[in-house]
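Chemist: Here is what each chain is made of, one letter per residue.
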Amino acid sequence: MSRQSKTRPWLWLISFIGVIVPGRVRADWRQEWIAELRYREELLADWEQLNWRTKTNLAWRSASAFWDALWMQTYRWEDAMFQDVRYAIRMMRKAPGFTAVAVLALGLGIGVNTAILSAVNGFVLRPLPVANPEGLITSYWGSKKDANVWGELSYANYEDLRAQNRTFVDLCASREASGGLSVGESGSADDSQRAEVVWGEMVTSNYFDVMGVKPILGRGLLPEENVSPNAHPVVVISQDVWQRKFKSDADVLGKVVYLNGQAFNVVGVMPESFLGATYYLRHSFWAPVMMAQKFGRRPEWRTDRTQTLFEMYGRLKPGVTIAQAEADLNQVVNGLAEQHPEIANTKVQLMTEVDGRFDAATKIIQYGGFMALIVSSLVLLLACANVANLMLARAATRAKEIGTRLAIGAGRGRIVRQLLTESVLLALMGGVLGWALAYWGSGIIRASFPPVPYPIVFDVSPDRYVLKWMMVVSLITGVIFGLAPALLASRTDLIAVIKGAAGQTQKRRRLNLRSTLVVAQVTISIVVLICAGLFIRSLRKALETDPGFNTKNMVTMMINPRLLGYDQNAIWRFFPELQRRLETQPGVRSTAMTDDLPLQAGDLSRGPIVKEGEADPLPNQGFISKCNYVSPKYFETMQTPLVHGRDFTERDNADAPRVVIVNEEFARRFYGGVENAMGRRFRFEQGTSLMEIVGVAKDGLYRSLYEDRQPYMFLPLYQQNHGAVTIVISVQSGSDVGAVTEAVRREIAQIDPRMPVVGVMIGDENMAIPYWGPRVAAGMATTFGVLALVLATMGLYSVMMYVVSQRTREIGIRMALGASVRDVLRMIVSQGMRMVIIGLALGLTGAFALTRLFGSLLLGVGTTDPLTFVGVALLLFAIALLACWIPARRATKVDPLIALRQD
Amino acid sequence: MKKNYLSYTMALTLQAIENGYGYGFDIMAVTGLASGTVYPALRRLESADYVASKWEKQSIALAEQRPPRKYYEVTKAGRTALAEARQRFRLLSQLEPLASDNPAKQKS
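Keeping their order, the protein sequence lines are chains A and B.
Letter 459 of the first sequence, counting from 1, is numbered 459 in my numbering, and no numbers are missing.
Letter 81 of the second sequence, counting from 1, is numbered 1081 in my numbering, and no numbers are missing.
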């Protein structure tokens, strides 16, 4: 121990330099250096070299600690933050009630936002899992006149566009197709071999290159497979099919899958992430477009420029804008139109794949999603206002602490930073809670989605993108609700603090800010509540609306004989046979077959309508009517009355004269009346035969609950090539629907045991899709509304409690001087209600402005529905009154003696 | 995130630790690097997770009546980075390994 007493300048030096090392790491830092210098010293002593030279050297070496200490400066900023955070956590633990309320409010606010954003993200924003998805361009082909008719383009046009454009690296085309997929020969009736209905795409050979996806096994498609029809039955399968049907067999290449009865050789397997170009469908296979006939396309698909079947995707050359490419393609189109008059007056519109997802009908989902985001942000804003209010109240109680810190030399910046740290920490905790709530919420949104007979992709759980967004939102909210209170608090009057009267001198300004916040809260909650009210009313209207058919006791299911390789004649024999046999089943009132069920997002249309004796309209200019193909007894089964004429019969087949049933609106629009329309004839484009109107059906809703009355045609199923149909069965009332459904399935299996039956829906399930939108909107809006109401009430109540506590002394004096309980009640309540009334006025005005945006999402309710506006105003008024009255009553309980003795 | 490019100094320091020189002074001695260089290099290596530091057990230090020491060890990531750096700085391999428990010779 003798060494310890010696002078060791190097150890002093370390202690001295250590001063500049940030406090948090200082002790560690010093210990490391001291230990090391000691170690060195011991070694030197052991070698007996601890002479003056080595000592100087040691001291010199220890000076290098300075550089090290400098390097440590990077910890300094972190260090102060660490201190702030530690202090903030301590403060939170000291006020658990405040922390819990604040975190809960923020969590709810952030949670609803995250859930909504996840849903919107999952449906609208998430790009396809391809390389460089932003660069993927899609096209719409349509008439120059009618901006709303947009759609796919024909193969011949695609080929010309691809060959003649100068702005694209490459263009590819695809068309979704459904197929009955089996691994064994589809002739065998073994259950495991039964064909499974899957979706896939018919694609051009460059499709995978344009998409930018690589197969995990094998190859994509080759250019020679894109040359002559029906020559190359090859297929690329999805990883899912590979795993399920081939047990992930590495030797799958060259093996055979049967699609619609045709053998295809597997040439590649796509990665799990790639599900095809249709963002909402899970595709299972990709076949060369040249095999289109195997997927039910007529042989003219290649050459007929009016057969618009294909989606086109492309990648622009570097430096080319979408507008330039659009101009380029339209130039090509104009050139083509000169040679091919059938495509006159058409044009191409280009957009990115994400923008291109929404045509006019589904735009409502996108629009609704963004509206939901707006409303949920309002709720978040409300939560922020609430927490800001809480923070202000707390700043008042902490005035003494802050004053003391200021008095002993803390800078204002330091105080503001401290308080901001606390609020950001609160926000982050709220964010974590919100994240959990969002997971739960997106589960609910997902569960609410109705069952559909398609393999849809509907992943609404929050992903990394949402997480990032939510973190940013949390931080911003933390700053929003923390900044004003922090700035105010840091301006504490030191003299007042020292005199022990902190929190009273500036209560004026603080109260003003708090009142403003309450007014804002009332305003926002009114707006949100009115939205909720409108959507609830809209849902009730939707449920009351008569769609023009009756789903009670109705069972529907889908079959597709074409997937088993039936040809058209076999199908035409199969359907009437099936219908007759199903009707003999006990409990079945009537059955029918249809192409699309109404309101199920089916989108058939034919046109232009050319009345007998009239000339063809100019290309792409006539009226295109929505339509559906239905079997006999459709109207009876759907319980849609025919107001005139007759139903289709089995004799209305391909050999019989063409017939059509129209709805009342059609008859009115084209023939001026129902009676007048009967027996009249019209046709579609050139080359189609005239159809006679044999019946007029009552108007109904066809595509969406939101649509206006519109012309509609029913064409006979047996006069049209058809594969996939929906069977509709109307069950006699009193029969067990489930049992009848089973009997029907058994009967179908008896006719053809291989026939896959999908999408069985019973009764009200058939309305799940049309009611989904209004239901979700009403559910969300109600959640938001209740949240908004609770948050606003909480805010008002806490401010009133604060007011009462601040005015205790004054109230005591008033009561001592003879003020009655009623006077005091009125005084306090009117102070509170003044804020509420201002908020009400602002909120109602705001709602008038905002609800206008919702017009297209509401059903049968005006955006200024007086019942909703008045109802919501009264509800809020009543609750606010209560929130003021309780604190006011407390004020009247003040004992003047005690109040006066205060201070 | 900036790329963790190993400078020659850092690579040399890392190699020294890999060779068994667990303290700053040993490293200085064996590499001959200047005094103000090794420690910042160590800190950088540590913040890049190429080396991990460990405090010696209090009991050992107490028994020997000295403050506990901090040892540096090369992590897995550090080893990968070192292998990479060796490709670039071939001289690194010439750094002598710690042969036995004998401390490195004082050079200056």
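Keep in mind the hints are simulated off the structure, nothing from the lab.
Wrong hints could be hidden among the right ones.
Straight-line alpha carbon distances no greater than 30 Å define the calculated DSS-like cross-link-like pairs of lysine-lysine that follow [what the hints assert, rightly or not]:
1) A:K347 to A:K611
2) A:K626 to A:K698
3) B:K1057 to A:K255
4) A:K214 to A:K468
5) A:K55 to B:K1076
6) B:K1076 to B:K1054
7) B:K1054 to B:K1070
8) A:K552 to B:K1054
9) A:K541 to A:K626
Chemist: The structure should be examined with respect to each hint, and the outcome stated for every one.
Modeler: Results for each hint:
no., hint, verdict
1, A:K347 to A:K611, "holds, 27 Å"
2, A:K626 to A:K698, "holds, 15 Å"
3, B:K1057 to A:K255, "violated, 65 Å"
4, A:K214 to A:K468, "holds, 29 Å"
5, A:K55 to B:K1076, "violated, 37 Å"
6, B:K1076 to B:K1054, "holds, 15 Å"
7, B:K1054 to B:K1070, "holds, 5 Å"
8, A:K552 to B:K1054, "violated, 74 Å"
9, A:K541 to A:K626, "holds, 24 Å"
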